[in-house]
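Colleague: With chain A fixed as given, assemble chain B onto it according to the hints.
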Amino acid sequence: MRTMAAAPAVPAALVLEQATQAQTPAARPAGQPIANGKRDAVGEPVAHFFTAPQLAALRRLSDLLMPPMKGEPGALDAGVPEFLDFLIGQSPADRKQLYRSGLDMLNAHAAKQFGKPFAELDAKQADAIVRPLLVLVPWSFELPKEPGARFLAAAHDDIRTATRNSREVSAAAVAAGRRPLGAQLYFLPVDPIYKG
Amino acid sequence: MPKQEFDVLIIGSGHSGGMAASVLTQKGISCLMLDAGPEVDLTKNRVSKAPWDLPYRGFNKPGRLPHVVQANEFNANQWVDEKEIPYTHDPANPYNWVRVRFVGGRSLFWGRQSFRLSDWEFNAAEIDGTGDSWPIRHADLDPFYSKTEAIFRVSGRKEGKAHFPDGNFLDADYGPDSTTVKKITDIATARGFLVSKIRASNGRNGQASSVNLLLPDALATGKLQIVPNAIVRQITVDKNTGLANGAYFVDRHSREELHVKARVVVLAAGTLESTRLLLNSGLANSSGVLGHYLIDQLYGVQVVASVPEARGGNVPEGMMGGTALLPRFRNLKKGEGRNFIKGYGMMIASGGGASPGFFREYGEELQKKLDLHAGACMTASIYGERVPRFENHARINKNVTDAWGIPVLHIDVKDSANEYNMAKDAADTAEEMMKAAGWDILSKTDKFHPPGYSIHEVGSCRMGDNPKTSVLNKWNQCHDVKNMFVVDGGCFVTCGWQNTTLTMLALAMRASEYLADQMKARAI
Numbered sequence: 001m002r003t004m005a006a007a008p009a010v011p012a013a014l015v016l017e018q019a020t021q022a023q024t025p026a027a028r029p030a031g032q033p034i035a036n037g038k039r040d041a042v043g044e045p046v047a048h049f050f051t052a053p054q055l056a057a058l059r060r061l062s063d064l065l066m067p068p069m070k071g072e073p074g075a076l077d078a079g080v081p082e083f084l085d086f087l088i089g090q091s092p093a094d095r096k097q098l099y100r101s102g103l104d105m106l107n108a109h110a111a112k113q114f115g116k117p118f119a120e121l122d123a124k125q126a127d128a129i130v131r132p133l134l135v136l137v138p139w140s141f142e143l144p145k146e147p148g149a150r151f152l153a154a155a156h157d158d159i160r161t162a163t164r165n166s167r168e169v170s171a172a173a174v175a176a177g178r179r180p181l182g183a184q185l186y187f188l189p190v191d192p193i194y195k196g
Numbered sequence: 001m002p003k004q005e006f007d008v009l010i011i012g013s014g015h016s017g018g019m020a021a022s023v024l025t026q027k028g029i030s031c032l033m034l035d036a037g038p039e040v041d042l043t044k045n046r047v048s049k050a051p052w053d054l055p056y057r058g059f060n061k062p063g064r065l066p067h068v069v070q071a072n073e074f075n076a077n078q079w080v081d082e083k084e085i086p087y088t089h090d091p092a093n094p095y096n097w098v099r100v101r102f103v104g105g106r107s108l109f110w111g112r113q114s115f116r117l118s119d120w121e122f123n124a125a126e127i128d129g130t131g132d133s134w135p136i137r138h139a140d141l142d143p144f145y146s147k148t149e150a151i152f153r154v155s156g157r158k159e160g161k162a163h164f165p166d167g168n169f170l171d172a173d174y175g176p177d178s179t180t181v182k183k184i185t186d187i188a189t190a191r192g193f194l195v196s197k198i199r200a201s202n203g204r205n206g207q208a209s210s211v212n213l214l215l216p217d218a219l220a221t222g223k224l225q226i227v228p229n230a231i232v233r234q235i236t237v238d239k240n241t242g243l244a245n246g247a248y249f250v251d252r253h254s255r256e257e258l259h260v261k262a263r264v265v266v267l268a269a270g271t272l273e274s275t276r277l278l279l280n281s282g283l284a285n286s287s288g289v290l291g292h293y294l295i296d297q298l299y300g301v302q303v304v305a306s307v308p309e310a311r312g313g314n315v316p317e318g319m320m321g322g323t324a325l326l327p328r329f330r331n332l333k334k335g336e337g338r339n340f341i342k343g344y345g346m347m348i349a350s351g352g353g354a355s356p357g358f359f360r361e362y363g364e365e366l367q368k369k370l371d372l373h374a375g376a377c378m379t380a381s382i383y384g385e386r387v388p389r390f391e392n393h394a395r396i397n398k399n400v401t402d403a404w405g406i407p408v409l410h411i412d413v414k415d416s417a418n419e420y421n422m423a424k425d426a427a428d429t430a431e432e433m434m435k436a437a438g439w440d441i442l443s444k445t446d447k448f449h450p451p452g453y454s455i456h457e458v459g460s461c462r463m464g465d466n467p468k469t470s471v472l473n474k475w476n477q478c479h480d481v482k483n484m485f486v487v488d489g490g491c492f493v494t495c496g497w498q499n500t501t502l503t504m505l506a507l508a509m510r511a512s513e514y515l516a517d518q519m520k521a522r523a524i
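Residue numbers (my numbering), protein chains in the order written: chain A, 1 to 196; chain B, 1 to 524.
Certain hints may be false.
What the hints assert, rightly or not - Within a straight-line C-alpha distance of at most 27 Å, the following computed DSSO-like cross-link-like pairs (lysine-lysine) qualify:
no.	chain 1	residue 1	chain 2	residue 2
1	A	K145	B	K61
2	B	K369	A	K70
3	A	K70	A	K124
4	B	K398	B	K468
5	B	K369	B	K3
6	B	K197	B	K158
7	B	K83	A	K96
8	A	K38	B	K44
9	B	K61	A	K38
10	B	K182	B	K435
11	B	K468	B	K239
12	A	K145	B	K444
13	A	K70	B	K368
14	A	K195	B	K61
15	A	K145	B	K424
16	B	K61	A	K96
For the record, the hints were derived by calculation from the structure and aren't laboratory data.
Chain A with its partners taken away, still in its complex shape (with noise of 0.2 Å):
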């Protein structure tokens, strides 16, 4: 606007006959989408499901999972904690509780042997939280049955997952020359039931 206001100095006659260039359109490949940018590229993600003391447990988490190695960024760098947010605040009533509860957990175990939040807890103190909790998951179709151990898992397994599904573990494969992992045939919806 304040540009506009700012009156040009430029004769009209000359804005006119620019106008009238400008009504050329650039040519654009045939079939080459119009919208070219990715939401997540240009977003920040808003955290709505976790309190804000099970959020930051779970970035600690996340980190401590998933950190930066060799090269490649780590759960933080792909937007693990926010995109669990997500997609935990979306799934049934179960999962949201074992998150829930096993946050709430890390931080309590946290608060009793070190007197502060988990998200605090330097390497050390936060592994002498999570190793306890840590078993063998020899059949990933089946999670533990204690719940510390049960939502461990579940956790470890997402934000593994959710790392190595991230555009930025992809571009940084690319930028490394490698090939980027993850790309699949998805089957696209057939003829959905007609609604009217």
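Modeller: For chain B alone, kept in the frame of chain A given last:
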């Protein structure tokens, strides 16, 4: 205006319906095929996408397909929507019913492993000392297996063993065995187990479906009409004769109901959908066994070992890669004295990696372990046979209907000691052989998926000579309604460890040839 009466109405267009249409139309019989789903062009319907460009970053939409373990965000649209067409089960006894509704059905997506059943399965009662045998033997089905193998271009290695019958195979090029596959082959052979190779349908142009191998021949006769989006609700019968005379079907989009007339009805809607249709129609159940003896295969048992010489990302040339298939080796003789009957096949694959859950590590320490074992792992998994039991059944749940108002199934299936004992034996046996090879066990589990997961559900409409204990006779013809045939997996008496499709196809071909002969002789 009265519409045409068709010779045969075929319900379902997957492998078994496609085979029925192919056989019948080529014998001059006019067929109408109704399929509940739309047509799909697989060459156009799949596009390459990165997971971060999908709404849920490659995770499936939460809660969308709770029973389909195979589902992910990429393939979610190929499965039946569980909200559109629900089914029920006791939460304590999960059943994972994995369904597809397109013209071509599950034949569009199957794994293509193609094994024959043997007389250890057909003649199960004698081998097991309990249960029931089929009313046919391998010799009865042999010519139909051979013709089916020619159509599907099955490749395999002949072994000359009756419990793993050879077929009409194309030569398969398995390449030379890697040294790890040789080693496990020697170890298994020393224990008296046959070691073979995968037998698979090659099909044509990358597909081995009803749509490209069976239906084109049927359409070429000019005797077949295929109507998609036609959901059959009920089979109708002539009150005077008790014979089937057509069916009501509902348009998938408009929900308008129509009726079609036919002289013969062939059900090929898939094991549980054919059974559901018969139950909803109130037909073919004078025996009281319709819906019962529902079986499928036991999958999920897994043992993973790491080969020390192949670790660290430097696999010596020729050491890893390839597979060994051990066809059933348990209870081949009577009186082996085991705590389970029947048996399992075992697949041992060379060259995979480890899973994160195998280690109590995270972050960089975990990554070091994964890198160490990458490409150095041997994975044993099994194809187990479940025991048919009367109490394992599907029935109609009158309180729940699908999106078209059709009552759904309630499925009630439990595993028993035989399944648990078999799974334990399989895991122990794989572990023992891998240890004998000098490999380190990284993971061993004798857990397995709930029933249904293998997508090899069969039975629930079984064949037999006795109309009091079976629904179909040995020609897949209903004991109660002589002009009605069920040609899908519903007819199985036992499920075997073998992938079920080749047997379904051979049975559908045999039943359809019999039906054509009967129609020609005016016996039907």
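Colleague: Are there hints from earlier that the structure breaks, and if so, what are their numbers?
Modeller: Going through the list in order, the structure violates hint 5 alone and respects the others.
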